[in-house]
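Novice: If you're matching them up, the sequences are chains A and G in order.
Under the working numbering, the first sequence has 274 at position 274, and the numbering climbs by one with no breaks.
Under the working numbering, the second sequence has 336 at position 336, and the numbering climbs by one with no breaks.
If you're looking for bench data, these hints aren't it; they were derived computationally from the structure.
No residue lacks a Cβ here, since even glycine has one placed at the ideal position from N, Cα and C.
One or more hints might be untrue.
[Unchecked claim] Covered stretches of chain G (chain A as the covering partner; in silico rule of three or more C-beta atoms under 8 Å from a C-beta of chain A):
hint	region
1	142-152
2	160-168
3	211-219
4	243-249
5	303-310
6	407-413
[To be verified] Derived DSS-like pairs: lysine-lysine, alpha-carbon spacing no greater than 30 Å straight-line:
hint	chain 1	residue 1	chain 2	residue 2
7	A	Lys59	G	Lys96
8	G	Lys173	G	Lys96
9	A	Lys52	G	Lys142
10	G	Lys108	G	Lys272
11	G	Lys301	G	Lys225
12	G	Lys367	G	Lys272
13	G	Lys465	A	Lys52
14	G	Lys272	A	Lys157
15	G	Lys203	A	Lys52
16	G	Lys202	A	Lys52
17	G	Lys142	A	Lys59
18	G	Lys431	A	Lys52
19	G	Lys465	G	Lys309
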Amino acid sequence: MGRYVARRLLQMIPVFIGSTLLIFLMVNVMGDPIAGLCGERACDPATAAQLKREFGLDKPLWQQYLTYMGNVFTGDFGTAFNGQPVTELMATAFPVTIRLTIVAILFEIVVGVTLGVLTGMRRGRPVDTGVLLSTLVVISVPTFVTGLLLQLLLGIKWQWISPSVRYGSFDELIVPGLVLASVSLAYVTRLTRTSIAENKRADYVRTAIAKGLPRRRVVVRHLLRNSLIPVVTFIGADIGALMGGAIVTERIFNIHGVGFQLYQGILRQNTQTVVGFVTVLVLVFLVANLLVDLLYAVLDPRIRYA
Amino acid sequence: MRGIAHARWAAGVIAAGLLATGCGDSGGFGGAGVLTSSWGDPQNPLEPANTNEVQGGKVLDMIFRGLKKYDPRTGKAQNWLAASIDTGDSRNFTIKVKDGWTFSNGEKVTARSFVDAWNYGASLRNNQKNAYFFAYIDGYDKVHPDSGTQTADTLSGLRVTGPDTFTVRLNQKFSSFPDTLGYAAFAPLPRAFFTDHAAWLKKPVGNGPYRIESYTRGSAMNLRKWAGYPGPDKAQNAGVTLLVYTDSNTAYTDVLAGNLDLVDDVPSTQLKNVETDLNGRYINTPAGILQTLAFPYYDPKWDTPGATKVRTGLSMAINRRQITETIFRGTRTPATDWTSPVLGAAGGYKPGLCGHACDYDPAQAKKLIQEGGGIPGGQLKITYNADTGSHKQWVDAVCNSINNTLGNDKACVGNPVGTFADFRNQIGQHKMTGPFRAGWQMDYPLIQNFLQPLYYTGASSNDGKWSNSRFDRLVDRANAETGQAAAVRLFQQAEEVVRDNMAAIPLWYQNGSAGYASRLSHVALNPFSVPVYNEIRVG
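Hey, can you work out the whole structure from these sequences and the hints?
Specialist: Have a look at this one:
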């Protein structure tokens with residue numbers, strides 16, 4: 001197990017370098033970031049040249065990348081154009097997004113898996129058809145529609161919630177989390193349902209029932225545990241996607257998280273912000289994937305890592 | 001088995017966290033007499049000479065007062081901190097600062113506060129994006145050379161002659177120079193700005209009716225009324241809290257839900273229902289913004305006598321009235337000159353100066369374009385940035401209008417550029433092959449500001465590199481003129497040169513818009529489309 005983890009960690013290094021280099025190149029292809037700094041007019045050439053020198057943009061690209069990576073390993077992610085260190089932006093943005101992701105994942109696990117078990121056990125019954133139909137609706141409606149609709153109904157029409165997030169605390173993030181989770185939630189439901197329905201007929205379930213185990217125990221310990229492997233894979237991969245892909249949800253609900261910083265960084269062609277945030281997201285993705293693989297062993301004792 | 005036990009434990013921790021943060025985190029924004037207002041994260045550090053967009057400008061407008069102030073209604077420049085600004089030759093100015101003004105930290109505002117601030121703003125090493133505002137002052141080429149390093153630290157044209165007086169020597173005659181001094185870049189700065197710059201940036205200190213109580217970068221700024229403010233325009237409310245919004249739609253929704261008091265940029269998608277949504281608590285007033293289509297004169301195809309006819313024809317092919325009514329719902333007005341209504345007749349606004357060239361006349365338009373040899377390159381590509389505003393909508397509408405006129409579906413197409421930065425970049429590198437979106441927001445309410453930076457040979461915002469010696473001569477003469485009326489007449493003659501060559505097609509004057517909650521009154525926007533915060537009353 002220890003050797004397996006070590007090998008996986010080592011594998012992360014090339015992935016990390018490759019992905020950051022790609023992002024660095026892509027952001028640079030967008031063009032000269034200084035041009036957008038002076039509003040509707042051109043920056044005067046002297047100031048533009050000076051700014052370029054200060055941000056190191058006058059150096060060749062490979063040198064910029066090396067300097068950047070060197071700084072990253074000492075914990076310096078550079079400075080955004082408004083003079084704020086990127087690490088400071090991260091310190092404010094990531095906690096909010098992590099809270100939002102936790103809420104979303106909780107929804108996926110609690111609601112998604114419960115619905116999945118419910119429908120999987122009652123395949124073909126009205127409950128099953130009803131849930132299947134509603135997941136189809138959720139999957140086909142884009143997130144921004146769900147978001148704006150819930151904001152309008154709950155925030156303005158019925159005044160149950162505040163339509164925007166101000167402090168980024170958990171209670172404010174419940175509805176945005178639900179919106180963010182909605183599509184994945186539907187997938188989790190369907191995945192769990194199929195998996196449960198398939199395993200219900202498996203020999204080990206029949207054995208467990210024949211042993212005289214209580215139904216609850218059969219479902220939770222034997223059936224569910226074995227059926228969760230594809231679901232865990234999906235949720236694990238989803239963590240990274242939720243953290244980076246919350247741009248739409250964060251804009252609708254005024255959440256000053258990672259998605260918003262990325263969006264603003266791209267609009268302003270702020271290389272340092274974009275590369276910094278994406279670098280951290282890449283790390284999150286890699287770690288989440290590793291954890292998923294390790295979880296397999298917990299769920300299915302037949303899987304061994306060496 | 002172990003795994004499941006762990007999961008249970010984790011869920012418990014998360015639930016506890018939910019409860020703990022749920023009630024802990026709500027420190028109060030707003031409060032008695034304090035209004036909340038929508039904001040965007042300022043793009044640059046909040047230094048007066050480094051702020052060139054409206055979000056940072058909002059703050060500067062609250063915490064700084066300069067030698068002059070523009071009347072929020074008429075736009076007229078009035079002496080504010082200046083006791084007098086005298087000149088005999090439109091080139092050497094003697095400025096006397098009023099006694100009794102201080103910064104909110106108690107420091108006196110003196111002649112030095114201005115001279116130090118201006119020297120800082122002009123100096124190349126400080127990277128101030130508004131440095132070119134000081135370009136008229138003698139010695140600018142030494143502290144801010146176009147290339148190479150600066151050879152002086154201070155502007156030789158600025159001299160402190162007493163505690164309250166200083167002199168300014170310009171490198172050319174510029175009669176309306178005193179009227180430019182209301183611009184934020186000319187604000188005075190306290191010593192703390194220079195001695196502890198980092199701390200000042202974290203919490204700027206100025207001399208305006210508000211002081212900054214707290215500032216959380218990227219999310220909120222709490223401004224409170226400064227009780228010791230010596231000026232006549234004291235704040236009529238206890239303070240303003242600026243809240244950064246990710247999207248103007250969200251801010252608007254928050255006003256509807258009663259969570260926010262003021263949104264100063266009503267999203268275009270909401271314009272059709274704003275009157276009923278807010279029960280009339282919506283203002284829509286002219287701002288000093290003109291939208292035009294500029295042309296690349298570095299492309300020889302556009303720099304011919306025939307192309308002039310084509311441009312005039314294109315101008316006549318655009319149905320401005322229909323576009324402003326259907327797309328902008330009256331928040332834009334068809335332009336009939338190259339300035340803005342906020343200048344007023346005395347300031348140089350002359351409706352109808354464009355004449356028939358700005359009227360919608362498809363028959364004449366088609367004729368002119370054909371006479372001029374048709375559209376250069378066969379197809380008109382209007383370049384714009386697609387990331388903000390509703391540029392796509394109006395560009396498509398303009399093209400539609402032109403296509404209908406010419407009876408050709410492919411005569412005009414929009415050419416979107418992904419981001420504003422890239423758009424500016426391509427303009428800067430002279431990559432335009434056809435007309436491009438050009439918006440001009442005035443820096444100060446003078447006709448000079450609508451003409452010289454945009455059409456003078458080699459001027460800072462002459463993106464199309466238009467050049468006309470007659471126009472340049474008229475502007476020079478206007479700047480040397482001492483009387484305002486005579487100067488305005490000359491500027492208008494220069495504007496007629498712009499018209500006769502159709503250097504840029506004027507599209508429409510832009511309004512500022514704002515919506516507000518029922519607990520506010522006396523809400524207004526100044527000609528810079530910034531809310532006049534100090535006059536707003538709460539409750």
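Novice: Each hint: holds or not?
Specialist: Each hint, compared with the structure:
1. 142-152: Coverage by chain A holds here, the residue count being 4 at a Cβ distance below 8 Å.
2. 160-168: Coverage by chain A is violated for the region 160-168 of chain G (0 residues, Cβ < 8 Å).
3. 211-219: holds (count 3)
4. 243-249: Held - the region 243-249 of chain G has 6 residues with a Cβ nearer than 8 Å to chain A, which meets the minimum of three.
5. 303-310: With 0 residues in contact (Cβ-Cβ under 8 Å with chain A), the coverage given for the region 303-310 of chain G is violated.
6. 407-413: As far as the region 407-413 of chain G goes, the hint is violated, because 0 residues have Cβ atoms under 8 Å from chain A.
7. Lys59(A) <-> Lys96(G): violated, 47 Å
8. Lys173(G) <-> Lys96(G): Given pair lysine 173(G), lysine 96(G) holds - Cα atoms ~20 Å apart, limit 30 Å.
9. Lys52(A) <-> Lys142(G): Since the Cα atoms of lysine 52(A) and lysine 142(G) sit roughly 21 Å apart, the hinted pair holds (cutoff 30 Å).
10. Lys108(G) <-> Lys272(G): Roughly 50 Å separates the two Cα atoms, so the pair is violated.
11. Lys301(G) <-> Lys225(G): violated, 57 Å
12. Lys367(G) <-> Lys272(G): Violated, at roughly 37 Å.
13. Lys465(G) <-> Lys52(A): holds, 24 Å
14. Lys272(G) <-> Lys157(A): It holds: about 19 Å lies between the C-alpha atoms, which stays within 30 Å.
15. Lys203(G) <-> Lys52(A): holds, 27 Å
16. Lys202(G) <-> Lys52(A): holds, 24 Å
17. Lys142(G) <-> Lys59(A): Given pair lysine 142(G), lysine 59(A) holds - Cα atoms ~27 Å apart, limit 30 Å.
18. Lys431(G) <-> Lys52(A): At roughly 21 Å apart (the allowed maximum being 30 Å), lysine 52(A) and lysine 431(G) satisfy the hint.
19. Lys465(G) <-> Lys309(G): Satisfied, since the Cα-Cα distance of roughly 19 Å is no more than 30 Å.
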